[in-house]
Every structure is written in C-alpha cells, then in structure tokens.
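Asker: In order, the protein sequences belong to chains A and B.
Take the first sequence: its position 203, counted from the start at 1, is 203 in this note's numbering, and no numbers get skipped.
Take the second sequence: its position 25, counted from the start at 1, is 25 in this note's numbering, and no numbers get skipped.
Honestly, the hints are just simulated from the structure, not real lab data.
Since this is a predicted model, take the numbers as computed values, not measurements.
Any given hint could be a false lead.
What the hints assert, rightly or not - Which chain B residues face chain A? A few, computed with CB under 10 Å, are given here: (1) Ile4; (2) Glu8; (3) Arg9; (4) Ser10; (5) Ala33; (6) Ile40; (7) Val41; (8) Lys43; (9) Gly64; (10) Gly65.
Just so you know, even glycine gets a beta-carbon here, dropped at the ideal spot from N, CA and C.
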Amino acid sequence: MTDNTDKLVIGGREFSSRLMVGTGKYASFEQTARALEVSGAQIITVAVRRVNLDRSKESLLDYIDPQKYTLLPNTAGCYTADDAIRTCRLAREAGMSDFVKLEVLGDEKTLFPDNEELLKAAKVLVSEGFTVLPYCSDDVILCKKLEDLGCAAVMPLGAPIGSGLGIRNPYNIKIILENVKIPVIVDAGVGCASDAAIAMELGCDGVLMNTAIAGAGDPIAMAEAMKLAVIAGRLSYKAGRIPRKLYANASSPLDGMFL
Amino acid sequence: MHIILNGERSEQQDGLSITGLLAGLGIGLERVAVEVNLDIVPKASYDTHMLSDGDRIEIVHFVGGG
Numbered sequence: 001m002t003d004n005t006d007k008l009v010i011g012g013r014e015f016s017s018r019l020m021v022g023t024g025k026y027a028s029f030e031q032t033a034r035a036l037e038v039s040g041a042q043i044i045t046v047a048v049r050r051v052n053l054d055r056s057k058e059s060l061l062d063y064i065d066p067q068k069y070t071l072l073p074n075t076a077g078c079y080t081a082d083d084a085i086r087t088c089r090l091a092r093e094a095g096m097s098d099f100v101k102l103e104v105l106g107d108e109k110t111l112f113p114d115n116e117e118l119l120k121a122a123k124v125l126v127s128e129g130f131t132v133l134p135y136c137s138d139d140v141i142l143c144k145k146l147e148d149l150g151c152a153a154v155m156p157l158g159a160p161i162g163s164g165l166g167i168r169n170p171y172n173i174k175i176i177l178e179n180v181k182i183p184v185i186v187d188a189g190v191g192c193a194s195d196a197a198i199a200m201e202l203g204c205d206g207v208l209m210n211t212a213i214a215g216a217g218d219p220i221a222m223a224e225a226m227k228l229a230v231i232a233g234r235l236s237y238k239a240g241r242i243p244r245k246l247y248a249n250a251s252s253p254l255d256g257m258f259l
Numbered sequence: 001m002h003i004i005l006n007g008e009r010s011e012q013q014d015g016l017s018i019t020g021l022l023a024g025l026g027i028g029l030e031r032v033a034v035e036v037n038l039d040i041v042p043k044a045s046y047d048t049h050m051l052s053d054g055d056r057i058e059i060v061h062f063v064g065g066g
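Here chain B stands alone, though its shape is the one from the complex (with noise of 0.2 Å):
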C-alpha cells in the first residue's frame, strides 16, 4: 500500500500497525506523536491502529524552538 508519510509518499506493507511503521522507521516511542488522516493516534492504540492505503501519516516531535 502508500502512504504518505510526513508529506511524503511511502511504499509500505499491507497490514502494518503503528507500532510496526515506527519500528520499521527506528523511531522510538517515547516523545513522538502520530497523526493519521489528522486524528491523533494514543500511543495505547499503536500496536492496535491498523494503517490504510491512502493514509495521510504525520510523525511529529519535539525541535529547537523559541
């Protein structure tokens, strides 16, 4: 399936969980926050939310800022 993750489009397996993408992507849990078709997933729902082709992903942390 694509998805397309941080403004970008991916090529990912079908049925994969969040948890599954992060993993994929070495993206720890801790301090992440993930958006998927703009509703925030909880992190209790990331081995549980099961992405879709067409989904529009966002993986945010936290930068440098004022």
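If we strip away everything but chain A, and leave its shape as in the complex, we get (with noise of 0.2 Å):
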C-alpha cells in the first residue's frame, strides 16, 4: 500500500511523486502533456532557449499547465560555469521559480558533468537564492561538497545522458547515499523500468529521466511503466529486501513431512 505520508522534500516543497519526468524529444507537445500526465510526476524539466521570433511554432506551454508542475528549467548546453550561471538567471526570470537543474557539461560525446565548473556555478546561484539541482558524476566526494555549498538535491548520472545503460555503478550510488543528508536523484542513463526500480531499490529518493520515456516505442506506456516502477522501487526499498544469501532456503515446512 502506498504511503502516503512518503514525500520527497526539496528546497521545502513536498512532492508525492518521486519520478521527474524530461520534456524533450517527444514526437508532438500532444504526447508530451500526456507521457507527462501518465508518469504523474510532478517536477519536469525545461531548456532555455530563444523566442521563435516568427511565432509559426507552438510553444510547450501552450500544451502544459505550468500551475500543474513545478518546471525545472535546466541548462543544457552549457560548457561554462559563466553560461550556466546566465541561463539560470533567465530561467528564473521567465519562470518565477528558484528551482533550476543546473549542468554543466565537459565533452559533446559522453555529456559528462565538468565537475569543477558546476562547482563554481553552484556556489554562485546558492548565494543568489537558487534551489539548485546539480546534474553531476557519481562521485560521493563531489556530492558532499555540492551538499556543503548549500544545493537542494544531488543528482548523479547512473549513466551517460540518453545512453539507456542504466545504474552502471550502484555501490556508487549508494555510497553518496549513505554519506549525503540531501536528496540523491538518479538523473540520466535509466533505459527500461526495472533500471528505475533499482535506482529507487538503492534507496534514491527519487529518478529523473527523460529518453527512456520520450524514446520508447510508445511513450505513454513507458511512462506508466516508470510511474510505477519508481512506486514499486520505493516500496521494496522502504520494506527492507532479504539478505542475499548463496544457498537455498525452503519456504515450505519441514515439520509435518509424511514421506
């Protein structure tokens, strides 16, 4: 039975679901309200990017009811403490939210954090008032100093971004989970649901995804898909799994045995 009383608090919000959903690569904004919709998440992600200024596209928030969700602008793109710092300006300017997912990448091909960057980038949007969200490596020594500067949440990479490998190094992740008081979010790299349920298995409070759900053959039943395996994954977590043991050990009785 789901508990009710479970939330995950960030930057002093309560939220019911654990699973935060990306709004990028979906095949029309039609589909991308309702993989939002069926995930029920209720944090999604958003780039910052310039005004179409001939105004012949629709805009997402044409399809999505901001009240809804707490939109986290992201700062995708970004190669620079500088130039993420910008983004996050102008996301809380367009948005009216403190909340930003801040990353800030090294390389084209592996979209891996650079780490000293989003350090500096952090400690600057911290003292402007930000809630951040950093995207970064599972690295339980650079999580605690994001922790230390002040960020809302932690959130390693299980994998590459996009990549659908899943959680490639779990004791990672489960070292800065025992070692960091903040929230620990799986962002990037979970591929298929049971990759969700075995981030939230660790005992993460929550998962962010988004080619997982955005790429699937059909999105919308992806999205379920993740919905509740974040929920199965909590559950298993919070109920506290057998030891792994090397030898069989019957459930049946002995006693009683008529052979």
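Fit chain to chain and form the complex, with the hints in mind.
Answerer: If you want it as structure tokens, here you go:
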C-alpha cells in the first residue's frame, strides 16, 4: 500500500511523486502532455532557448499547465559556469521560480559533467537564492562538496545522458546515499522500468529521466511503466529486502512431512 | 535604429521600449525573459526600458528539454 506520508522534500516543497520527467524529444506536444500526465510526475524539466520570432511554432507551455507542475529549467548545452549562471538567471526571470537543474557539460561526446565548473556555478547560484539541483558525476566527494555549498539535492548520473545503460555503478550510488543528507536523485542513464526500480531500491529519493520515456516505442505506456517502477522500487526499499544467500532456504515447513 | 535581436540584425523604430518590442513581435509578457547587452531586464521595467541603437537583445522562453 502506498504510504501517503512518504514525501520527497526539495527546497522546502513536498512532492508525492518521486519520478521527474523531461519534456524533450517527444513526437509532438500532445504526446509530451499525455506522457507527463500518465507518469504522475510533479517536477518536469524544461530548457531555456530563444523565442522563435516568427511565432509560427507553438510553444510547449501552450500544452502544459505550469500551475500543475513544478518547472525545473535546465542549463543543458552550457559548458562553462558563466553560461550556466546566465541561463539560470534567465530561467528565474521567465519562470518566477528558483528551482534549477544545474548541468555544466564537459564534453559533447559523453555529456559528462565538468565538475569543476559545476562547483563554481553552484556556489554563485546558491548565494543568489536559487534552489540548485545539480546533475553530477556519481562521486561521493563531489556530492558532499555540492551539499556543503548548499545545493537542495544531488543528481548523480546512472550512465551517460540518453544512453539507456542503466545504473552502471550501483555501489557508487549507495556510497553517495550513505554520506549525504540531501535528496539523491539519479539523473540520466535509465533505459527501462527495471533500471528505475533498481535506483529506487538502492534508496535513491527519486529518478529523473527523459529519453527512456520519449524514445520508447510507446512513450505513453513507458511513462506508466516508469511511474509504477518508481513506486515499486520505493516500496521495496522501504520494505527491506532479504539478505542474499548462496544456498537455498525452503519456504515450505519440514514439520509434518509424511514421506 | 538597428538592434541585434536573438542573434539577428533587426531594424526598429527609435524610442522603443521592451513592452513595445514584444508587442510588435506578438510575444506575450508571460514566461519570457529579456536580456539587453547581457543584463536581464525585470518585467517591471519593460515599459520604461528604452532600447538603443546597437543593443543586443535576447528573448528566451522554455522549450522541451531533459
């Protein structure tokens, strides 16, 4: 049974869904809106880009009610702390919210974070009152530094963005979970529902994904699968799994055997 | 006057405010942010902030992203 008191708290706001979903790469805005609805996500990521001046194209926010979701603007495409800070300031002005998904990329091929620039940007943004959720490497020392700087959560990658490789180093995620007090959200790498469940069973506070849903054969069905996987993984984590044992342990009683 | 609007050269009338610029482009004030020469202009100043020849203006909004 779902525990209604089991809330995710980030930046003083409570969320009942632990699945965060991106809004990129869908076939249409209608599909985006439907997938978000079915996923049950309350936090959705968006990117900050130039307005199309000919106004011939419709806008994402024509399809999504910003009152219904907490918009989490990202700094995708930023390779320096300065660019990421500039993007966050614009996002706050456009969205009237302090929440930002801070990513500072180091390389186009891997899209791995440039952690040095990330720390620089996080420091400035926290001082300016932003609620900073940084996409970062699965490195506990880095995560502790981000926590010490005042970030509202850490979002270590499970695998490269869009790769669908799953949680490549669950032990690193586990170490992060044991050593930081702020929410830990796996961001990037999830490919299918079991990946999301694994992240949650490790004890993560949430999972953020985009491509796994938008790129699925049926994005709406995958959105539902992810919703259920995150709920199942969380319940499984809270329930406490049995220890792994090398040999069998019979489930039926030996007493009363008649053979 | 000439301004650079979202990276492209654009001819605009003199004495134009940001409110006037956005109205001319058919862009609503909600959920956009405007930067003039790398400084963000708060929405409260859109009426009074007059653009100057050579200004570099960025008008941004939210799009789909992960």
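Asker: For this structure, which hints from the list above don't hold up?
Answerer: Of the numbered hints, 1, 3 do not hold.
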